[in-house]
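Protein chains: 2
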Amino acid sequence: MKDINEYSLTQAVKDSFKTEPDSRFEQLLHGLIDHLHDFTREHQLTHEEWMRVLMFLYDCGKISTPERHEFILLSDVLGFSALVDMVNSRGGATEGSNLGPFYLDNAPRKPLGADLSDERDGVCILVHGKVTDSLHNPLPGAIVDTWQADAAGTYPIQEQEQGQDKMDLRGVFEADENGRYWYTTVLPKPYTVPYDGPVGELLRAGKRHAWRPAHLHYIVRHPGMNSITTEVFFENMDYIDNDAVFGVRKSLIAKVKPAKKADIPYETQKTPDAVVEFDFVLAPES
Amino acid sequence: MKDINEYSLTQAVKDSFKTEPDSRFEQLLHGLIDHLHDFTREHQLTHEEWMRVLMFLYDCGKISTPERHEFILLSDVLGFSALVDMVNSRGGATEGSNLGPFYLDNAPRKPLGADLSDERDGVCILVHGKVTDSLHNPLPGAIVDTWQADAAGTYPIQEQEQGQDKMDLRGVFEADENGRYWYTTVLPKPYTVPYDGPVGELLRAGKRHAWRPAHLHYIVRHPGMNSITTEVFFENMDYIDNDAVFGVRKSLIAKVKPAKKADIPYETQKTPDAVVEFDFVLAPES
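Chains as they are written, first to last, in the numbering used here: chain A, 1 to 286; chain B, 1001 to 1286.
Pulled out of the complex, with its shape left as it was, chain A reads as follows:
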């Protein structure tokens, strides 16, 4: 038999998989094997360190449920999720950002101008803007699907046991004939990602906090265009410079301006205290 050493092993492992040459599966599998093996050789990983990594993954698995995705959280705090968003952002289109764990794909359709706050306390903001292509042509009928935390930094879906409706603070809007969308809601507050599990231990070991800056979540769609999943943040607000999950991009930060009558060219169900304007740009499907 041909002997295997710490250098020739990597090729032997790759060769053991009879994958379709140059298939995407082969590229990703080989890439992952190369990087994990390089990491092990470069750092001369000890058995104790190796076992600690594996037990960390085991612990992440144990705390995970269909509602608690510790591996997604791990990916988030290591910037892996943000990087996937970045490498998939299309030139000219609005930058992508975290989907997060709280999206529901059957949120209620609401008319333009509706209020999403469901009588919650806090600053009432008008959120408005246009959905266009990268040449500024409006995209009438674009779908703007949004969800968010309340003014205490909590998503209603997290407090269903306290009687909250998981569909609160969510809405799906259809942009008007000029590609415009508008609605009122409560200004969300920062919140922490879950830190009672292995990922929380990692954050503590690295003296990191678990806070995310306040944000609104969006998925924006239009036929023939690439959908974008992104978040809108607010200028100068807490944690904007050190989001625990690296979701903030400069292009995704909006100003919160006091509402003056002149700022509000739209009919709204509720009278806002402040106004946030953000335009979405979609790129065509390739």
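Read the hints as simulated data drawn from the structure, not as lab findings. Every value quoted in this text rests on a predicted model; they were computed, and no experiment measured them. Idealized CB from N, CA, C, for every residue including glycine. A hint or two may mislead.
Okay, derived cross-link-like pairs now, BS3-like style, lysine-lysine, Cα gap no bigger than 25 angstroms in a straight line [as the list claims (entries may be wrong)]: (1) A:Lys250 - B:Lys1018; (2) A:Lys250 - A:Lys130; (3) B:Lys1250 - A:Lys18; (4) A:Lys166 - A:Lys110.
Sample of chain B residues with no beta-carbon within 10 angstroms of chain A, all distances over it, derived [stated by the list, open to error]: (5) Gln1164; (6) Lys1166; (7) Glu1174; (8) Lys1260; (9) Asp1273.
Since the structure of chain A is already known, use the hints to place chain B on it.
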């Protein structure tokens, strides 16, 4: 705020951890972040591929129990465990190999010459050799801790529900005044690693089998010397060239020779059909 892009993100993630400069924790964390981010950039990982990786880890977590270590198995089939063994093998010492999932740290002490087969069917082999340092000086009193599968490729610990004693086919021996050990047992057979979980799916996707060549497990210890965890394999036996977990090294393959009276300078409880000789070499603690 300073904007972050797909290249500057990696440093930002590393900087977010306030780790002790150049500490081992920092080196490993930064190394892992660098490699995962490089992997993502090099292959422009899509959201679907990213989610598939995370759901694969989630599934590994769900099937794992204290007795079923899917993450260790994953590490094994990707050659990561073998590589950790290789980078930690000391020059001059016996090469390390997989610990595997079936080690028990309280196996029974047995006298030299004892039989471990507990009346199991199969080829009775005499296993013998010396434990020395790298200058061939015997190490009297060295501890040779061994465990193995039976002639059907099964570990008794896997069949406790069928009435098997989990301590069968295990023994802890103390080398004699010349560093020699010897015992009889049954020649083990190949077996498969568990392939009913996510790792099995990965093997099938890569058209790989789940077989390991027959082997004997060892941990060998002596005061003042580095312990070794390793496996001994048998020349020309099935799967010796394509172990599913990459445990085989050329230096760990022993011959199985027919027993002739002259080959057996030892007293044994049972008369062997064949003889396997293997010497262990330990390096001093650094």
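ask   = Which numbered conditions among the earlier hints are violated in the structure presented, ordered from lowest to highest?
value = Hints that this structure does not satisfy do not exist here, as all of them hold.
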